[in-house]
Every structure is written in structure tokens, then in C-alpha cells.
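Q: Position chain D against the provided structure of chain P, taking the given hints into account.
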Amino acid sequence: MKKMITIQTSNFSFLLSSKTMIVLINLLIIQIILFWLSLSLGKTFDPLTSLKVLLGQGSMKDNLSIIHLRMPRVIIACLIGSALAVSGAILQGMIKNSLASPNVIGISGGASVAAISYITLFPAASIQFLPIVAFVGALINGMIIYFLAWKGGISPIRLVLIGIGMSAVSTAMTTMMIVMGPPHIASKSMTWLTGSIYGASWTQVYIYLPWIIVFLPAAFLLLRSLNVTQLGDDIAIGVGSPLQKQRIIFFIIAVALAGSAVAIGGTIAFVGLMAPHIARKLVGPGFGGVLPTSALIGSIIVMLSDLIGRTAFQPISIPVGVFTSAIGAPFFIYLLLKKTR
Amino acid sequence: MTSVFNHTTKRWLGLFLLFNLLFILFISSIKFGEYSTQWKDILYAFTHFDYSNEHVIIRDVRFPRALIAICIGANLGIAGALLQSLTRNPLADTGILGINGGASLLVVLAVTLFSISSLNQFTWIAFLGAAIFGTIVYALGQTTKGDHSPIRLTLAGAAVAAFTTSLSHAFLIINASALDEVLFWISGSIAGRNMAMLIEIFPYMLIGWIGSILIAKKIDALQLGEDVAKSLGQNTVWVKLTMGLLIIILAGSSVAIAGPISFVGLIIPHMARFFVGLNSRWVIIYSGLLGASLLLLADMISRLIAMPQEVPVGVTTAIIGVPFFIYIVRKGRMQS
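Protein chains in written order, with the UniProt record's numbering: chain P, 1 to 341; chain D, 1 to 336.
These are calculated hints, taken from the structure and not from any lab test. Some hints here could point you the wrong way.
[As the list claims (entries may be wrong)] No farther apart than 25 Å at their CA atoms in a straight line, the calculated lysine to aspartate or glutamate pairs in the DMTMM-like style are these:
1) D:K331 x P:D234
2) P:K245 x P:D234
3) D:K31 x D:E310
4) D:K331 x P:D233
5) P:K188 x D:D180
6) P:K188 x D:E310
If we strip away everything but chain P, and leave its shape as in the complex, we get:
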């Protein structure tokens, strides 16, 4: 018997093996180092200055570039990554298919349609409302998908397939918006669609933070039911799980996490797919380990992609979504191939 750490309150409990704890601590260390590196690396590499700034000892100039320009961006990368990853983990658990992710099943699509419509139709409107608009788009699309997949209950496979269909509609609609809108907006929209956190500011951090504070812990409250779902529908119902009700809650949380992330950063692809897989590789299938591990891995992937995109090809800055797809796609193909064997 492995050493387990039990965390339990009245309606919330999970086991963490000591191995999982070690993995989590290691990931946390990597994340902190990456955070520090991202703050330090710009046109020049200066880890000491950024450390000074963090301790409140920096000069005005350093404060400006590090606290006002780099820090919000790094924080956003970190939060988006973990939200997408946890959303992906919940979806994969709920649908019991490891190929599900917010992108593939069309949640991101709804957000894209709403956001691109907003950019194109109201070019003068404040960018501040973009997250809300995108989130509403994700929610509406999520509801439509859920409604259409409902046939005396939700079958996960129907949900995925309907999601694929709806994501085709949203792709068509976004393309239409881009093609028919004014040309100077096309490039802006395209960048948003690929996923970019180029202009991240503290305001965005403040807008986004509540979502994370509410919905990430909410996901952790569902751990127990997610674990039970994995045993199969019959057993889950047998042990007293209100399956359909839980599926709605899983879905809402997944939509809220992915939708708000897409709202801030655009459709950053493949993070929601990759992170839970890596997490399961590291800590095994129990959701008590998978959720926190995915969250950390997701944030590491997005931070790293943004760091590379921002620094490797200077002066061009490459949107973070390009890198996540560049890593994610081969990873995905590897996954499928491995499963075939």
C-alpha cells in the first residue's frame, strides 16, 4: 500500500499519494522558475533586476517594464493555461474520451464567433468587454450543444459529435465575419483566433481573476463525482450518483473555465488536450491528482509557449497559440497512434 494523504471534509474528499505530492512540488518549482525567467527575459536577460523589482527595490524604469508590462502577461499566461487544462481534464473525464478538449467539442468556437463579431461590428467599442462577450458566446454555444445532444439524457459521444458540428458552424461564421468585415480588422481577428496574450494588462488580470477564483476551486469540489463517473454509467448510478445532474455541472464548469480563458487569450489550441494526458502519465488516473497536476502543466505549457513566441524570433512576436499547436499537434498524433497499437 502506497502512502496516501487523505484530504477530507463533509462533501469533499480525495486521496493524494506521496508520489503525486512530489510531482506537484516539482511542477510548482518549475512553474516558479519559469515565472521568474519570463519576467527577466525581454530584449535583455536580467534575472537579478527582476528579483530586485519583485522585492520592491527596483528602479522606476525596471518597475515599469517588469511590473506593468511583463508581469500581467505572465500571470495571464499562467491562469489561462491552468483554466484550459482543467477544463480539458473535466471534459475528458466526463466524456470518457481522451480526445475531447474545449477546442474540438466547440466551446471555444462559440467564444470566437462572439468575439470576432464584436471586434468587427463594433470596432470602436472598448476591448474591456471582449471577455464578457466571448464568455457569453461560449455559454450560448455550450447550451446549444447540450440541448441538441439531449435525447432523454446525455450520451457523451453524441455530445462530442454535435460539438464537432457546432464548431464547424462557428468556424464558418467567424470566417464570414473576417472576410466581410473591413480588411484592416482581418489581421487583428486572425491573431485573436490563433490565441495571443500580446496586450495583457493588469486590468485584464483583474477582470479574469474572479473566474479563476470561483471556478477552479469549484472543479476541485467535483473530484469525487468525477472519479465515480469513471467507473461507468451503471456503477455511477448504482452508487447513487445523480449522473445527468452532475454532467450539467461538469459542463458548466468546463464552459466557464474554457470560455473565460478564450475570452482573454483567444483560442489557444491543444492545451486542454495535452495537459490532462501528461498529468495522467505522471500521477495516474485518479482525478485527485490529475486536476492539480493538469492545472500546473497547462500553465507551464502556456507560459513557455509565450516566452518562446515573444523572445525567440525578435523583433517578430509570434502568438502563443502557434506554439501550442506546433507542440500539440504532433503530440496528438502520437497519442492516437499509441492507442492504435
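A: Coordinates of chain D only, in the frame set by chain P:
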């Protein structure tokens, strides 16, 4: 499965009706547009050409465009029919399975990285893209037993499509000047194509059509199951490879001219089977004609719905096609 035309005579009659429908749509497609013309101009533009605006528009813009719509529509319909037989998946479509996306990714690469602009090169690049990504999706969709699980194949296709789209976007962001050039094209459009383009690609299309009709009898045997086909003395590997090659030719040549147009290949074979049942030769012929009619109609809608602007036809077909897709999913013929 019962079909509407269950008799050969009725099928010939249906064929005749379809040709009439196609002709009516063809003429209407030439007649209607932003610039209004008279019915008689359509004839006079060819018999008494007088260099008037009406005649020039009809001869140089609308006539080629309608012909291109017919050819591309036929291509997509037939490719869809072959693909649904090959994968035994009622949701198969060159768009959903990522084949169109693969072809356009390579074309976008060619435009942004190598500044290629000749149509003939486009075509071969599109073939290559369709072949590479088609093979990837097909391989990914295969289970250990070697047969195809529809869900797996559809998911693999969706993921590969997501991948090709995001990569295409990425290249277009990095090379912004190419964006204007290919933006309308990557959304699927047959606007602004001319006769010379069609003539250049037409031989490939013709090979695709004739090849599909010729191979139909073999497909019938394959439908009964791989074992049955083998026991009838069929070399199933060759038949499947040929089908794959035909799909690549049909899809690739469409993408080269019109960009990725989805959902025509999904809807049309279902309609064709509704009319003629499971006889592959008839399904392929009907798919061609119905596909041509659908794309003509979709193209007209795209032109007329938001005049004077134009919606890319790929958007229209997606909006028509998705309700149909959802209908098939809900009907629940997909078993995992």
C-alpha cells in the same frame, strides 16, 4: 433500405429530372446577380455578342462561375460518396475529416513561404496535402482490428482539421501580406475564378469522375464486407487504394480552385441514397448531379443574400450542412 427510385426506369427518369433541375439552376445562376440582366441576354451573349456590360458579365464572369460551381459541386458530391463507402461512416466528408484542411494548409504554406502562385502548382500541392492528411486521418481512425470505428475516425478528422486550421492561421499571421491574397480563398469561394482555371484543372476532374463510375461495381462488393469481397476474388487493398486516390484527386482539384468547401460531401450521398438506394454506380452519378445542383444553389444564395457583398460559398454550405449533420447524429446511426 427503401429508396424512391427502386426501378431502373425510374432511375433514368430521375436522372432526366435532375438534369433539368441542374439546367434551371445553371440558367438562373447566370441570370441573377448584383448587375441585373435580361433572360434574352443569356442567349445573345453567345450568339450576338455586342460588348455591352450585360454580355461581358455573362460571358466572362457568370458563365464560367456557374460552370465551376457545377464541376466543384460534382467533385465534392462524388468524393463524399466514395469517402462514406470507404470509411463506412455516415458522417464522412472531405471537410470534416480534415482532407480539405490538409490541402489548404499546404497551399497556404506554398503561398506564404515560397510565393507560389501558378494554379498548376497549386493543384499538385493540394493533391499532396489531401494525400498526406487523408492518410493520417485514415490511419488514425483505424482500430487494432483494422476496421474503422466511425467515432474515432470523426474525432481524428476533427482534431486534424483543428490542427490544419490553426497552423494555416499561424502562417497567415506571420506573413500578413499573404493574408489578403488567400483570405477569401481559404474560406471556400468560387468568386473571381475564370475559364482558364477550370480548363487547366478539368482533366483531373474528368479522371476522377470516370474513375469513380468505373470502380462502382467493385465498391458494391466491398459494401458487403471485406471478407465477402475477398471471397468474390476481389483485391480489396487495390480497390481501397484506388478509392483513396480518386478521393484525393477529386478533393484536391476542388481545393485548388475553390478552397475548402465543407458539408456538400456530407449531405449529398445521403440524398443520393435516399433516391436510388445502395447501388454504388447510381449513387455516384446522382451524387455528382445533386452536388452540382447544391453548390450552384449555395453559390446563388451567397451572392444574393448580402448584396452588394458576397458571403464565401463555403460558409453557406456549412450553414446548410450542419443542421443535416446534427440530424444524422441525433438519429443515432452512429454506433461506437
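Q: All the hints need checking, so say for each whether the structure fits it.
A: Here is how each hint holds up against the structure:
Of the supplied pair hints, the one linking K331 of chain D and D234 of chain P holds, its CA atoms being roughly 23 Å apart against a limit of 25 Å. About 15 Å separates the Cα atoms of K245 of chain P and D234 of chain P, which keeps this hinted pair within 25 Å; it holds. Taking the CA atoms of K31 of chain D and E310 of chain D, the gap is near 16 Å; set against the 25 Å cutoff, the hint holds. The suggested pairing of K331 of chain D with D233 of chain P holds, with an alpha-carbon distance near 22 Å, which does not exceed 25 Å.
Distance check on the hinted pair: K188 of chain P and D180 of chain D sit about 13 Å apart at the alpha-carbon level, within 25 Å; holds. Between the alpha carbons of K188 of chain P and E310 of chain D the distance comes to roughly 21 Å, so the proposed pair stays at or under 25 Å and holds.
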